[in-house]
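Kindly produce the complete structure, drawing on both the sequences and the hints.
Protein sequences, first through last, are from chains A and B.
Under my numbering, think of the first position of the first sequence as 1, with each following residue one higher.
Under my numbering, think of the first position of the second sequence as 1, with each following residue one higher.
Worth flagging that the hints you see were computed from the coordinates, not collected in a lab.
Only a predicted model underlies this, so the values are computations on that prediction, with no experimental measurement involved.
No residue lacks a Cβ here, since even glycine has one placed at the ideal position from N, Cα and C.
Among the clues, some could well be false.
Unchecked claim - One-sided and incomplete, this derived list gives chain B residues near chain A with beta-carbon spacing under 7 Å:
#1 34
#2 36
#3 37
#4 40
#5 44
#6 56
#7 71
#8 85
#9 87
#10 100
#11 104
#12 113
What the hints assert, rightly or not - Distance ranges between label pairs, derived from CB positions:
#13 201/A with 19/B: 31 to 41 Å
#14 322/A with 141/B: 48 to 58 Å
#15 116/B with 108/A: 14 to 24 Å
#16 44/B with 301/A: 15 to 25 Å
To be verified - Within a straight-line C-alpha distance of at most 30 Å, the following computed DSBU-like cross-link-like pairs (lysine-lysine) qualify:
#17 24/B with 389/A
#18 61/B with 293/A
#19 296/A with 91/B
#20 24/B with 193/A
#21 193/A with 37/A
#22 4/B with 19/B
#23 94/A with 58/B
#24 216/A with 7/B
#25 7/B with 2/A
#26 58/B with 293/A
#27 426/A with 202/A
#28 272/A with 296/A
#29 61/B with 389/A
#30 24/A with 61/B
#31 293/A with 57/B
#32 61/A with 91/B
#33 21/A with 15/B
#34 72/A with 61/A
#35 7/B with 24/A
#36 4/B with 91/B
#37 58/B with 216/A
#38 4/B with 24/A
#39 296/A with 3/B
#40 305/A with 24/B
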Amino acid sequence: MKLTKDEQAILGGSKGPEMAKLMKIQVVFGNTFGAEKLVDLGGAPHSNLYPGAPYLSSMIKMLDECATAGLKSYAPYTVNPRPYDCFNVQNNEKEMQIVYEGYPLQKELDWVHARLGAPDLNKRSCACYVKEVGNAPKPGTMVAWAESSAVNYGNSVLGIRTNRNGAGIDLISAITAKAPYFGLMTDEGRQAKWLVEVKTSKAPDWGVLGTAIGRKVVEDVPLVAGIDKYFEGSEVTEDNMHLLKAMGSATAASGAVGLYHVENLTPDAKEKGRKLLEEGYQTYVYDDAEEQKTIKTFDNLWPRKDGDPTAAFIGCPHNTLYEMKKWGKLVTEGLEKDGKEKTAIPVYMFCANVVKLQLIADDGELAGKMLKAGMIATPMCGVTWAGTKGFSDRVQGITNSAKTRNYSSIRYFPDQTLVDIIVSGKVPS
Amino acid sequence: MAKKIFKGRPVLSGKLEGKALVSKMPFNLTGSYFENMFAGNTESAPCTDANNPDLFKKDMKDAILCTSQCVGSTMGAGALMGVSEMGVGLKAFLFSSHIDSIAAGGLIIDDVWYDRRVITIDLLGDEFLEAVKTGDPISIAEDGTVTVG
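Shown next as structure tokens:
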């Protein structure tokens, strides 16, 4: 990789030993992927470094050394949600023990983020691009984000340019304000190797579709055709962005998709159409039969397979404001229809705190109804909770998130079935 | 068994002999290390990816892991550094395809900042993954040559 004089000087120690090491990591990393140069970054970074778990102590120690040396991100950056919430969710002795034993470094990590340039905890979210959190750089902006679902949404729907960075590389890039130029940042790397033709008889189940795409294309870029008709006016809006969030995050969890194009809808596809397809591209047809085939692979991983659910997990990635309102109405109206006041099981609604506050500001009556019904808004990361020790012995979860399903014993159901289970407490036979 | 030789690209070079642990399907970094990441296990590294029949519940500590590539969440980089620090990480990571940016990030940071190296070879070719089986003797050379058998 060819470095500028300034970059070479940093590598040689002109900005201190910590910056020199960070630059060396960038160079080795870039060389691994055939990058020819480093590019200057714009917009704002997003970091997925969120849990203060012992397994991250090396990473936290490295960043603490950087912060202590006075290094800082080139712009204020957003961060994934914290891994626990002792106010609303883990508010009992047993769960608190797990939290405090499991995340002894949370204070250190939060302190590192504060010094490197992250905003307050109210904006913690994996869906950093929602309006209330506000990290949505303009199309074409070079950034170095981490968090598979945010990278995937940012590249695809916002049209920003980032590789799928792992924890650590995100903040190293934020501090150096540079990233190696390769892969999904380049025009060539954004070409599609797959044409996915969606031919379902009705709107697909977005999480199932994403799972199927991820398994099929693994890390390649797909151009998805046949779904733009489910987006009014061929525009992604506050009211429909969650569909792509659900699909995209599933492609990133079941595969390693960092970018997808949607014909007639996403920025690259609107500009280039089917010219995005590489010569010799492969085709994958997703129809009703393929959807059913994929659903059948979603095994029941509950220890007590025929037992009843004990909690619902809605919002992975974090809910948008529209989703909060949508689920609030679905559940409270479902309860009213059944003559009930409370849900049969607690319903955890995962969202940034600023989204919850906006819900209260916009529609306090609905927010109140949700609270009384047993719907609990929480800014934590649900899938991390699902990974804690003995979780499946304590909780038999149900979810609308194909990503959560992919990483846990929590069972996936379509929206209306989920509402019915939340109201009745029973899984239909 | 007859020895088979494959030439890959050393991402992090080194010399090692041992036995193979094989995942024919792409390796989900985050999904495989959940017990080490969030459940407090620092003694062993049982694979927690129920979607992976080759590895589910098998101990990956000190393994020479052979797979095509990595998939899954971007937390995987931290997972690799974490299991390395706990002493339950891999000895070597052998890819038939190109290493991905998540695994590379974790492995390279660990190597440069902490001098902890997991020998990493990629681009060994599809034939490598077709040939190698769990338990096969493996020999890795500095130049990225991998001998199976």
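If you check each hint against the structure, which ones fail? Per hint list: 5, 6, 9, 13, 18, 19, 28, 38 and 39 violated.
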